[in-house]
Structures are given as C-alpha cells and as structure tokens.
Amino acid sequence: MGVAEKLASEQKSISVAEFFEKNKHLLGFDSPTRGIITTIKEAVDNALDACEEAEVLPDIWVSVTKLTKDTIRVAVEDNGPGIVPDNVPYVFGKLLYGSRFHQIRQSRGQQGIGISAAVLFAQLTTGVPARIISRTGADKPAYLFELMIRTEKNEPEIIRKEEHEWDRTHGTRIELEFTGTLTAKRRLIDYLKYTSVVNPHARIQADIDGEWFSFERVSNEVIVSPQAIAPHPHGIEFGMLKRMAASSTDNAQDFLVNGFSRVGAKSAEQMLAIAGIKDSRKVKGLTAEQLKSLLSAMQEVDVPPPPASLCLSPIGEEMIVQGLEQEFSLDFVKARTRKSQVFSGHPFIVEAAIGYGGKLEPEGQALLLRFANRVPLLYQQGACAITTAAAGINWRSYNISQQSLPIGPVLLLVHVASTNVPFTSESKDAVAAIPEIEKEITLALQDLGRELKNFISKRDRNKVAEDRARAVCSIIPDIAEKVAEIVERPVPDISPIEGQIMRRVVAKKKTTDGIVGISVMNYTRNPIEVMVYSLSEDNPEKAVPKPDFIDTIGTEFNAVWRITIEAETAWKVTYPGKGRGSIDIRGVDEKMKVVVDLDGE
Amino acid sequence: MANNEKDKKTQERLVSIASEWYGQMMDGRVPTITLPTRTKANIEFNESSEVWEYGDKGTTRTANTAKGALHILKMAYVVGFLKQQLIESRSSTLREMYYISEGWKRAKFAAQDESNMLIEDLEIVTELSREAFHLRPEEDGASIYGPLRLREQTKRGNRDIHCQEDVGEAGYPIPSNVENIEFLDHDASFVIATETGGMYARLMENGFDEAHNAILLHLKGQPARSTRRMLRRMNYELGIPVVVFTDGDPWSYRIFASIAYGSIKAAHMSDILVTPSAQFIGVQPSDISDYNLPSDKLTEGDIAALKAELTDPRFDTDYWRKQIKLQLDMGLKSEQQAFASRGLDFVTDEYLPSRLSEMGIL
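Order-wise, the sequence lines are chains S and Y.
Following our numbering, the numbering of the first sequence begins with 9 at its first residue and continues without gaps.
Following our numbering, the numbering of the second sequence begins with 21 at its first residue and continues without gaps.
Honestly, the hints are just simulated from the structure, not real lab data.
For glycine and all other residues, C-beta sits at the position ideal for the given N, C-alpha and C.
Treat each hint with caution, since some may be false.
[Said to hold, decoys possible] Using C-beta positions, here's what the derived DEER-type ranges look like:
#1 Y/G78 with S/A575: 23 to 33 Å
#2 Y/E147 with S/S409: 28 to 38 Å
#3 Y/E116 with S/P370: 48 to 58 Å
#4 S/I415 with Y/G78: 42 to 52 Å
#5 S/K586 with Y/G78: 34 to 44 Å
#6 S/E489 with Y/G78: 21 to 31 Å
#7 Y/L55 with S/M600: 28 to 38 Å
#8 Y/T331 with S/D339: 46 to 56 Å
#9 Y/K317 with S/S409: 51 to 61 Å
#10 S/E489 with Y/I107: 13 to 23 Å
#11 Y/I107 with S/M600: 54 to 64 Å
#12 Y/K317 with S/Q411: 51 to 61 Å
#13 Y/K317 with S/E489: 52 to 62 Å
#14 Y/L55 with S/D339: 36 to 46 Å
[As the list claims (entries may be wrong)] Computed, partial: chain Y to chain S, Cβ under 8 Å:
#15 S39
#16 T85
#17 I92
[Said to hold, decoys possible] Chain S stretches covered by chain Y per the calculated footprint, using a threshold of three residues with CB under 8 Å from any CB of chain Y:
#18 488-494
#19 504-514
#20 545-556
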C-alpha cells in the first residue's frame, strides 16, 4: 500500500465539536481560570441580546459557587423571552447553531458558538451535563433540560427533559459545572461592572462564592433592538454573492435592487453595464466568471453607505456618562458618539468617553475600557486597535503625562459598534487594525482630550485662586494684631474678612445709634437662596424689608427672611433696636458660611 | 516745647492711618489705603505755588491680595516703629530702619528701595516730611562755594560759616536737614548749580564765583532732597536767582526738571523742594551746533528718554519741545566739559557770560 493510500485510509471528516475540543483557546477556554469568565460572558451576552430582542429591561442574575476545591458551578438567569422547548437542545447542545449568523446587524453573539462551547467545556472537565430551565410565557410551563453534546457528531444529547415549577413567567437559566478556580474573581467583577457601564438599561446582580454584587440600572429606557439589513454591495465577498445568486429567482436588475441595501435602479443599471450582463438575465444561471465581473462592477459604482441608524445601536453620550458616573464617581466625564462610518461595506460607529479623578487610581497607567457591540473586551489589550489608537494620541498636548497610554487618574472608554466587528480572533478579545476604525477612535479621543484639558486647567486655576486666598488669610491676622497694638485696642475679629477673601457667605449684625443692621454678603460666584434668622428682644415688625415670618418665643422675637442673593452682591435689613440677641443663616454649606455679631459682648 | 508738640502731631497722624484700618476691620471690611498714583500721568501744575504736584488719580491698596495685604502689613509695622521712635525721641536713618525690619518676620523689607518708597507713601498720607518722623536720609547733600554766610545748628552747638572764607576747595557740605540752617548774609547775584564735579572745580579754579558774585553748587548728579531744599531756600528767602548747568542729554534735563518743576517720585514735597524760577543754562541742543561742540551719537535709550520727555507734562513748553525735537533731529549729545575743546577758559569767559546776559541775569 502506497503512502497516499495509507494516508487516505486515515483521512476522515472531523466534527466542529471535535475541532473545538482540541482548540479550546480559539474560543477563550484556554485555561480553567478564563473558562469561568468566558462562560459567564457568553451567557450574559446571550441574555442581553435576548432581552433586547424582546424589548424588556434585562434583569440578570449570576451565581458562582465553589463546590469542591477545584469544581465550580456557574448559573446565569435572565428575564428574557425564553426559548421554545424544541430549540433548547440545539441552542445549548450544538455548536454553530444560531439565529443571528445570517443577519446583518449589531449583536453581541453572532455565530452561535459561545454558549454551546461553554457546555462542551463543562462536559469535558467534569462530565456533568448542563442544566437548562426556560419558559416562554406565563401561560406555558417551564421546561428543565439536562444536555450533553455528542462531540463526534456535533449533536445534542438530551439526558433529561421535564416540566418544571419555576417562579419566573419568562426567561432562561443555565447551570454548568466545571473544573476551575476563582483566581480571576477580580476580572470577573470587572467584566460585570464594565458590562453594566455599557448596558445602562440592565440590572446585573451577582453572588460570587457568597459575596454579593449589584450593578443597578441607570436608565429605564428599553433599547431599540437593531434591525437586520440587506448586505451592502461594497461589503460582500464572492462566496456570499454566489450563494445569494444561486438561491435567487430574480433577474439581474431585481436581484441587485432587492438583495442589497442602498442599490437603486440606476446604480443597478450602471453595475450591470460595467459587468456586461443583461438586466433581464436570471442571476441563477450566471457563470462564476460573470459573477466575478459583477462583483468587481459592484465595487466600482458609488453607493451611499449602509443605513447605520437601523442596524446599529450606539449607547449614546448621555447613557455612557451616567453609566461611568455610577461606577466611578468621576470629577470629570465626557462622551462622544461619532457619526456612522463604513469599512469594506460594513457600517460602524465609534463611541468614546474620558473620565478623570473620582475613584480612579491617582497614579499609574490610565484605565482603558474596550467594548465591541456593548461587550467588554478583557483580554489581549496590547493587540487591540483601540489600544493602538489611544496610545498613538499625543496626550501631552492635553497636559496629561503619557507612557504610550496616559498616566494618572484617567479613564478611557471606547466602544466600537458594527454589523461586523473585525476581531483579531474568534475569542473576540481584540479589535483588528482597520484604518477607518482607528481614525474614528483617534478623532473621538482627541476631541475629548481637548475637553479634559479645559477641565484640568480650569480646576488648576480655581486651585491657584484658592491658594492665593489662603496666602492672604495668613497675613490678615498679623495686620489685625499690629494695628490693634498701634491703636492700643483689642484685636478685631477677622472672620468676616476671611469670609470675603475666601469667597464665602458672610452674615453680620451691627447696631449703631439704635438701628440694628443685619447684612448678608454673597462673595461666592453663584447666586444663593438662604433663610436669615434673628432671635432677639428687639421687635423686628418695623424692619425694612419686612420679615417673611415673625414668631415670639417668651420675650424674644424670632424673625425669618427668605432671600435670594446674586453672586458678589449684598442684602441688608435694618430695624430699630438695641442689637441684642443672635443671628444665623441657613441654606448654604456650613463650610461656606461665616456669621459674626459685631455688637459682640 | 515746640518740638514735642510737632512730634505729638506727627504721632497722631501716623496712628490715624492705623485707626482707619482698625475701623475697617471692626466693620468686617478688608483694610485698604489709597495713595496718589505716582506716575507722570498723574502730576498736575499747581498755578498758585507754580510747582508740579500729584493729581487726583489714586491707587488703592487692598489687603485682598497677598501683595496688597503684605504692603499694608509692612506699612503697619513702619507706623508702629515710627510711633515708638517718636515716643522715645530717637531718630534713625532710612538704612537703619531697613535693617531693623529684619526682625519683622514677613513684614521685613526685601530691599531698601521698598522701605524708601513706603516712607514716601507715609509722607504723602500724613502730609509730613520724613524728617518729621525722625528719619534721616543716607545720601549726603551736595556742596556750595560762594559769598554766603550762614549759621548751622549742630548737635554740638551753632557754627557760623562763610562759604568762601571758612571752607576748603571742597566747599560747604549741605547737611541733611536744611531746616537747621539760618542764613546770615550774602553778596551773591546768582547761584549756578552744576551737574559734574569737573565743571564745579573748573568754575572755582577760574574764579568764576569771584568774578560774578556767584554761588557755585555741585549737584552730584540727581540732586538730593536737601540740595533742592537749599536751592529753594536761597531763592525764596534770599531772592537769589538760580541757574542750572548740566550735560546736554535727556537725563540731565531731568535733573533740571526735578529742581525747577519737581520730581515725579517726590511730587508730594514739591512745595518745599522746588524752585520754579530756576533757569536752564545749558548745554542746550542748539549749543552743540552753535559752538560746534564735540559730541556723541544718541543711544537708543537716549532717544526713548527724549521721546518720553515729549509726553511729560513738565516739559510741555515751547522751549523744551523745540530743543528736544532739535536734538532728536541732530541725533547728538554733548557733555558740559566739551567746552574745553575751545580752551579751558572758554566756558567761564565766553559761554556762561553770554548765556547769563541772554537770560537777563548779568
């Protein structure tokens, strides 16, 4: 037997499940530590996608329990639309089974690999079948499944299927057991936190080995699920064109107009003219050569970019800001949603945000949060186009120090949303270096960098002003002391002077010639609304302006004025009296107010 | 005692500055002080006294900036120091006060200029001179030589001095407090104040004082207050005309201006320091061409100074405008000793007599 024959006897087809069994790293299951995060990520992604499609506000519950020293049970439950019982085995028990693979729109999952790969991973490490509960409505029963994957055939094996008592009216729960450790707990929490930042409409709660985490929703708006669009003529490859043509009954003209987005009768005519194909020719019968010339003709003709607003769902500047503020309590945060752009016929939108100060680490490299289609990217930061673009910006020109990425209490967020996010690998860890995308990221971050520079320089100015005021306030007591020594009288109370210099609100009472004068000076830069209280034996009935309220407490009168004082202006009231009693103001921060009684002793 | 009375008044005026601040602080206000702006934009000609004085423009120093607060603190320390000095009947020099301030912590002066300026501020506010504060200037006055007999009160008794017969070639040195001088008699027809020592010695050697009954006065550059006070007293009390002889450059014109019109820095003292009838002999820009004097080119600084003088209200007369423009056109300047190019006697035999008769003094 020759070598070729010998080899031929060994050659056989391999199932996709077998392939991934041997190549776990391609799907992000390279280590037990990472396996947990990938599993939770796949389950949460699916849950969010499902809720979005059903237009419900996602409520997601994650639990990670340590069963033995090295076995862990992960459960993820959502309030999504549920999965019909007949489909459950395929969704979880067959790789490459999905609803979204053939659609052109923004979604988290696409290929239908993720969750079934997790099932496979569990099965390979512990052999315990996956447990799935799903219910599609209040009027239908919930079903419980125990599933395994027949790897050699890539088909589900149903171990158990039964009706199940479940308190949810709709939703899905998956439980998996596998070998692994909780060493990546910090990263898991980060993943949930970042997911919550870019999904402000979701509530995510997690019980990680007894520790409770809750990420509240900041928005009650259900996000509109992106719609699928027809492929764009500039974003199609030969194989797909051939498949589309083979299954079409249209003539060439109709095929182009109906099968592709943004192609009108006129562009279709142009394309066919260039390709030398008759309008009326049925596309089904076109030869490979003809299809090739049609494809190149399709690239030549100018066509408007794909309708991004339909198929893409950016988070929005306001939502990003709210999400970041909730998680990081920042001193400064600004977000930008760029206009949609196109690369190779695929529409995409870049969103970015910069945060500063707050709970961020004051030293070290900036925190870079990368997202693709609302999914946090946790691994391979160095290989990602987002990182390259962020590090390529000259941050020093925005007064931020830099060591490739910015240094200091800086947070950078970049979200790339696309019908086809170009990842560097199927584990979806890093965005590939597409010049169009990198350019958009750079422009968005530069724009935000300018805003951050303004914020920092304004903050520094305020700090300088405050330092100056403090310097003055350290000299005033010396003046008071020396002057008092010269005039041989007691040292005056300088607190109202300090109040003026430190830009506070200063209330003073001073009585001269039987007239009580109460004044409130607003030295701050903003208008204030305050209540002025005077408790005194002097009757304030004749006060100008009149009090808003007078009350008697024993022999004393309690008078209240409710006033608004513009920035850097004063308010004053006078009334006859001896100036006994006391005054106070309320409505300004204690640190910002100075109350002095110049009638003193 | 008259002196005690004067000191008491001085003390009251000084303390009133502090009282003002004390009142402001008791009212919860930031202490401030307003002083006249001491620039050429704020000097005005007083028709009745014929001298240039500060106008109405004021600069307010407020303790709401670190600079303003520090200024007021320093002023308070100086007021406190002067008050104590007056109580104890002591006196000190400006330089001594500068060193005393070393013990005032952050109120101490960075340089003597600063303390001098501050004393001038106090003179303005109190309308008193620094002598009233018992402060002496460090600078010594110039010297005079000529037919004048005077009596000086010294700490060791009165001295009668004739400024030709009783003095050496250096002349009689003007004391820092000119008020201690009493004029006895004189035989002078004019005072000639010269900028440089060289010209002063030339006039003396050539016997100019005897030939014309002139009192020679050496200004020693920009004249000290005591020198200017001496000139004014000789002019007002003895009725002797004053002429000023300097180099022919913009800086020298300012020496003349400070004698005849008052200086910008001490405009508050103009009414006791200035001699409005003083006349400028030369070197005039027109002399440079008329006598073909050796000359130097004007530097950029000279040109800028001349242009500044064109906007100085003190030089706003037909005579000065004409002379300054002429000099700018020529681009030249000459020193007073340049007359030596025509022989050592030319200045005393020809130039000065002809100028003095032109001016109606001889």
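message: Check the structure against each numbered hint from earlier and tell me which ones fail, lowest number first.
response: Numbers 2, 11 and 20 - these are the hints that the structure violates, sorted from lowest upward.
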